[in-house]
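2 protein chains.
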Amino acid sequence: MLAVAGAEEYAAELPRPLVIQLPSLTEAEAEARCASWRVAGEANNLAPWSAVPAECAAHVRRYVTGPAYRSDLELVAREASAYARALAASGADRAADAWVFDVDETLLSNLPYYADHGYGLELFDHREFDRWVEKGEAPAIPSSLRLYKEVRDLGFKTFLLTGRSEGHQGVTVDNLKKQGFHDWDRLILRAAADRTKTATAYKSEKRKEMEAEGYKILGNSGDQWSDLLGYSMSARSFKLPNPMYYIP
Amino acid sequence: MLAVAGAEEYAAELPRPLVIQLPSLTEAEAEARCASWRVAGEANNLAPWSAVPAECAAHVRRYVTGPAYRSDLELVAREASAYARALAASGADRAADAWVFDVDETLLSNLPYYADHGYGLELFDHREFDRWVEKGEAPAIPSSLRLYKEVRDLGFKTFLLTGRSEGHQGVTVDNLKKQGFHDWDRLILRAAADRTKTATAYKSEKRKEMEAEGYKILGNSGDQWSDLLGYSMSARSFKLPNPMYYIP
Numbered sequence: 002m003l004a005v006a007g008a009e010e011y012a013a014e015l016p017r018p019l020v021i022q023l024p025s026l027t028e029a030e031a032e033a034r035c036a037s038w039r040v041a042g043e044a045n046n047l048a049p050w051s052a053v054p055a056e057c058a059a060h061v062r063r064y065v066t067g068p069a070y071r072s073d074l075e076l077v078a079r080e081a082s083a084y085a086r087a088l089a090a091s092g093a094d095r096a097a098d099a100w101v102f103d104v105d106e107t108l109l110s111n112l113p114y115y116a117d118h119g120y121g122l123e124l125f126d127h128r129e130f131d132r133w134v135e136k137g138e139a140p141a142i143p144s145s146l147r148l149y150k151e152v153r154d155l156g157f158k159t160f161l162l163t164g165r166s167e168g169h170q171g172v173t174v175d176n177l178k179k180q181g182f183h184d185w186d187r188l189i190l191r192a193a194a195d196r197t198k199t200a201t202a203y204k205s206e207k208r209k210e211m212e213a214e215g216y217k218i219l220g221n222s223g224d225q226w227s228d229l230l231g232y233s234m235s236a237r238s239f240k241l242p243n244p245m246y247y248i249p
Numbered sequence: 002m003l004a005v006a007g008a009e010e011y012a013a014e015l016p017r018p019l020v021i022q023l024p025s026l027t028e029a030e031a032e033a034r035c036a037s038w039r040v041a042g043e044a045n046n047l048a049p050w051s052a053v054p055a056e057c058a059a060h061v062r063r064y065v066t067g068p069a070y071r072s073d074l075e076l077v078a079r080e081a082s083a084y085a086r087a088l089a090a091s092g093a094d095r096a097a098d099a100w101v102f103d104v105d106e107t108l109l110s111n112l113p114y115y116a117d118h119g120y121g122l123e124l125f126d127h128r129e130f131d132r133w134v135e136k137g138e139a140p141a142i143p144s145s146l147r148l149y150k151e152v153r154d155l156g157f158k159t160f161l162l163t164g165r166s167e168g169h170q171g172v173t174v175d176n177l178k179k180q181g182f183h184d185w186d187r188l189i190l191r192a193a194a195d196r197t198k199t200a201t202a203y204k205s206e207k208r209k210e211m212e213a214e215g216y217k218i219l220g221n222s223g224d225q226w227s228d229l230l231g232y233s234m235s236a237r238s239f240k241l242p243n244p245m246y247y248i249p
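Chains as they are written, first to last, in the working numbering: chain A, 2 to 249; chain B, 2 to 249.
So that you can see chain A by itself, here it is in the shape it has in the complex:
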């Protein structure tokens, strides 16, 4: 049989004394299952989903409000930064080198909104979320802001490619600038004609247009697999964590 732990090894993994310190094994098992669900999402193993499973609501809340989310965001930014620096050091003609950034949960965080809506436990409410977006108060994700500035400073063209609608252009520009994001080369919002497309299709089309203009998409940062997959994919993609919602 496989040498992964049965119940007896599992007990051996826990700090002692067992009884007082820890949640019941059932709770521990639920926690393991929710961590598995979250990691499966990051590995793109899940079927499309519309809300966080009820039994994982507490896990997701703890994750996004605790140190693990920040740690995960920071590690992905560091990997992206190392890759960007290696490219910049190559010395070749880099005028066409481009990096694509998604906006929500990539450059800006909507955690204050999701804190009021069960961190993904509630079904997504477009109107409510639009009201939040229109406040223009989404904070920067610090590790993404550092990466954004570095990528700019290294000479990459920076394209912000968001599923937000064109009607939110003004508030999005203001929100980004207020949070320290400046000097992007292009901010692409979703036109009315793109509204019925999946994010994967819409974003692939926009990346293809960039390539047709001669840009080489070398990096792409996004919290959804639909930011990264499809066609005209980036040479390398960076999947930021997001267990709160799924966009096809």
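Simulated from the structure, these hints should not be mistaken for lab results.
Hints are not guaranteed to be accurate.
Said to hold, decoys possible - For lysine-lysine, the following DSS-like pairs were computed, each having C-alpha atoms within a straight-line distance of at most 27 Å:
#1 K150(B) to K207(B)
#2 K178(B) to K136(B)
#3 K178(B) to K207(B)
#4 K198(B) to K217(B)
#5 K209(A) to K209(B)
#6 K198(A) to K217(B)
#7 K217(B) to K207(B)
#8 K150(A) to K207(A)
#9 K198(B) to K217(A)
Dock chain B against the given chain A, drawing on the hints supplied.
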């Protein structure tokens, strides 16, 4: 600022009393960083790596010998199973439907080998590993065995596509059968001519050959991104966890 936790919120996340029960914050931070590293690998965010980072050796050992690895494996198998059943229920002509399985760390586990070699902390030693393979004693991953049988029973053609060399055909067949894997349609091992190719290139070529024969690759299960990416990709891929080694 982003509403993810600073040090004060972090302390609030921990069960109390803090001092006696838990490792120092430094150890907790190291644990968070190693979990981030592991999850980043699952999300394909890492640059190629040749060994587990020394500071994460204990984390990886605990993960693969504890309940989290088993839980992650089981969840991925359940997702794959649900997808396979949905496809089988479609009722269309399914004679060409195929599922590709990798072997090592997908159908069979080499944990007994890696237990003797630091769970990925040591650099990979081809000769030592070959000696282990030639014993033919790799146990089945239970959730993968269940998925394999179900996929077979649902009528998919099953192609086992492994980076093992053709010289290991006999021992691999024996090992698989001894562990309960039977009736695959094809076992594809790496020929001498394929030895210098990356796994991504070799496996893409073999998938392309399947397609050229008329098969529709609908599912692909593998523990390496190089099992899943490249060209002639499966309609849906299932990334099994593996923080012990990376194959390009």
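Checked hints:
1. K150(B) to K207(B): Holds, at roughly 23 Å.
2. K178(B) to K136(B): Answer holds: K178(B) to K136(B) is near 14 Å, not above 27 Å.
3. K178(B) to K207(B): holds, 23 Å
4. K198(B) to K217(B): holds, 24 Å
5. K209(A) to K209(B): holds, 25 Å
6. K198(A) to K217(B): holds, 26 Å
7. K217(B) to K207(B): holds, 13 Å
8. K150(A) to K207(A): holds, 23 Å
9. K198(B) to K217(A): The given pair, whose Cα atoms are some 26 Å apart, holds under the 27 Å limit.
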